[in-house]
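Take the given structure of chain X and dock chain V to it, following the hints.
Line by line, the protein sequences give chains X and V.
Just so we're aligned: 109 in the numbering used here is position 109 of the first sequence, and the numbers increase by one with no gaps anywhere.
Just so we're aligned: 184 in the numbering used here is position 184 of the second sequence, and the numbers increase by one with no gaps anywhere.
Hints listed in this document are in silico derivations from the structure and should not be mistaken for laboratory results.
Bear in mind that the values here come from a model prediction, so they are computed numbers and not experimental data.
Glycine included, each C-beta is placed from N, C-alpha and C at the ideal position.
Per the computed footprint, the stretches of chain X lying under chain V, defined by three or more beta-carbons under 8 Å from a beta-carbon of chain V, are: (1) 16-30; (2) 34-42; (3) 45-59; (4) 71-82.
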Amino acid sequence: MKKEDIPQDTGAFGKITPEVQYATDAAGNYSTGLSKGWEVKNSANDAAWQDIEERVRMAKERVLKKEVSPLLYFMELKLMDIKVLAGYTGFWGWQVRRHMRPSVFKKLSDRRLRRYADVFEVQVDDLKNMIPG
Amino acid sequence: MKLPFEHIQAAHCENGVTTSLLRSIGIARITEPLAFGIGSGLFFTYIPLLKVNNGPAFAFRTMPGLIFKRTCVALNVPVHREKFRSREKAQQVLDASLDAGHVVGCQVGVFYLPYFPKEYRFHFNAHNIIIYGREADRYLISDPVMEMPTSLSTYELERVRFARGVLAPRGQLYYPEKAGTVTDEQIARGIKKGVIRNIRDMLHIPGPIAGVSGIRYTGGKIKRWRDKLGVKTAGLWLAQMVRMQEEIGTGGGGFRYMYAAFLQQAQAFHPDETLTRISETFTRSGDLWRDAAVQAAGIYKGRIGSQDDFNRMGDYLLEIAELEKQAFQALSKIKWK
Numbered sequence: 001m002k003k004e005d006i007p008q009d010t011g012a013f014g015k016i017t018p019e020v021q022y023a024t025d026a027a028g029n030y031s032t033g034l035s036k037g038w039e040v041k042n043s044a045n046d047a048a049w050q051d052i053e054e055r056v057r058m059a060k061e062r063v064l065k066k067e068v069s070p071l072l073y074f075m076e077l078k079l080m081d082i083k084v085l086a087g088y089t090g091f092w093g094w095q096v097r098r099h100m101r102p103s104v105f106k107k108l109s110d111r112r113l114r115r116y117a118d119v120f121e122v123q124v125d126d127l128k129n130m131i132p133g
Numbered sequence: 001m002k003l004p005f006e007h008i009q010a011a012h013c014e015n016g017v018t019t020s021l022l023r024s025i026g027i028a029r030i031t032e033p034l035a036f037g038i039g040s041g042l043f044f045t046y047i048p049l050l051k052v053n054n055g056p057a058f059a060f061r062t063m064p065g066l067i068f069k070r071t072c073v074a075l076n077v078p079v080h081r082e083k084f085r086s087r088e089k090a091q092q093v094l095d096a097s098l099d100a101g102h103v104v105g106c107q108v109g110v111f112y113l114p115y116f117p118k119e120y121r122f123h124f125n126a127h128n129i130i131i132y133g134r135e136a137d138r139y140l141i142s143d144p145v146m147e148m149p150t151s152l153s154t155y156e157l158e159r160v161r162f163a164r165g166v167l168a169p170r171g172q173l174y175y176p177e178k179a180g181t182v183t184d185e186q187i188a189r190g191i192k193k194g195v196i197r198n199i200r201d202m203l204h205i206p207g208p209i210a211g212v213s214g215i216r217y218t219g220g221k222i223k224r225w226r227d228k229l230g231v232k233t234a235g236l237w238l239a240q241m242v243r244m245q246e247e248i249g250t251g252g253g254g255f256r257y258m259y260a261a262f263l264q265q266a267q268a269f270h271p272d273e274t275l276t277r278i279s280e281t282f283t284r285s286g287d288l289w290r291d292a293a294v295q296a297a298g299i300y301k302g303r304i305g306s307q308d309d310f311n312r313m314g315d316y317l318l319e320i321a322e323l324e325k326q327a328f329q330a331l332s333k334i335k336w337k
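Extracted from the complex, chain X is given alone in its bound form (with noise of 0.2 Å):
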């Protein structure tokens, strides 16, 4: 890449911080020159985003119908997976798979959901009823 093709379209990086690319001068020789981002990658970004905003969105309506515990709203909201999720917490993978469930939600102590809360940024009482912090 060219120097001068370096692209400035910013993106949510570049309004903070401007990128470091190597790219060539007139004579082919490599140099370093700063971006603000590149429509590409903003779109990329933007993509990941609306996905995560749909999952979220689904995970809620899947809670309303009482299929899945306010949990799996929670760590689609915080972009986690079981994976990440069971690490914050402490907890195995198998028991947030099983806290899913509402059944077994409903009969947490509290000192377990306060781990969860903690971990989501809010209130106890707000995780059980689904208002995100």
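Relative to the frame of chain X, chain V by itself:
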């Protein structure tokens, strides 16, 4: 306390940490491209069975930590590296290292990294930052992908050092011990070794998923994504590929340019005209990766999406695979001193 340190922005976090940490012990001749090349940083793999963020898992660079490790080995610089079970111990060792005058590198997760824009905070745990001092409750941070140095509170730093999930950093810190002067000969040998190791990684790993054959394999797979996954999911998977390719700290097209820059700089140590020619091939490869990303963007933005468009997308990767294969084969014919 604040250690003498000059923040330098880099294109990629681990190269940046490597060059800056080496500078902190007086080795100023290792530029970012040199570190990348000596560390055999260029790579490709697609792991079909592993899912990241509900999409496919790609890597455009070598395993985290290896660039720093290999560069230090090549220069005969001893490295101190430590992981922790206990958060208290992790902080104690960090404080003690700073007090002993070491500028320290740390592996962190970006999800809770407060100075990163929210849009880029995924559960990605192979980010690297430098800690060069402590003032009251805050640690002084040099993040190589940021323009300016910044700082983190004790709590914030602990949280990112103990991020969870794939590649959990477990508080990992590392720094180079004081070393003697680095000779031209050492750098030249490091370059040779780095290139030969990179040829191995790109051409000679058995199986279809790594190196040049991994790029070809992915190209073939992409052509079937539309039927297998539907246009929407296939588009999301392509977006994920572009994000892995171009995102901060993991860039793919950018890595090809960086490797081209490395081969140019290598000539100061191995005068050889063919390196220039091969460098140009990597520039073309970087350009093609970017063209492929533009094609992918057309698909995930819903502008295009026919089977022909997916075929063209796959063909880009087949073309790249062929180009990088030629480049590494040419590198393997170089007569090193």
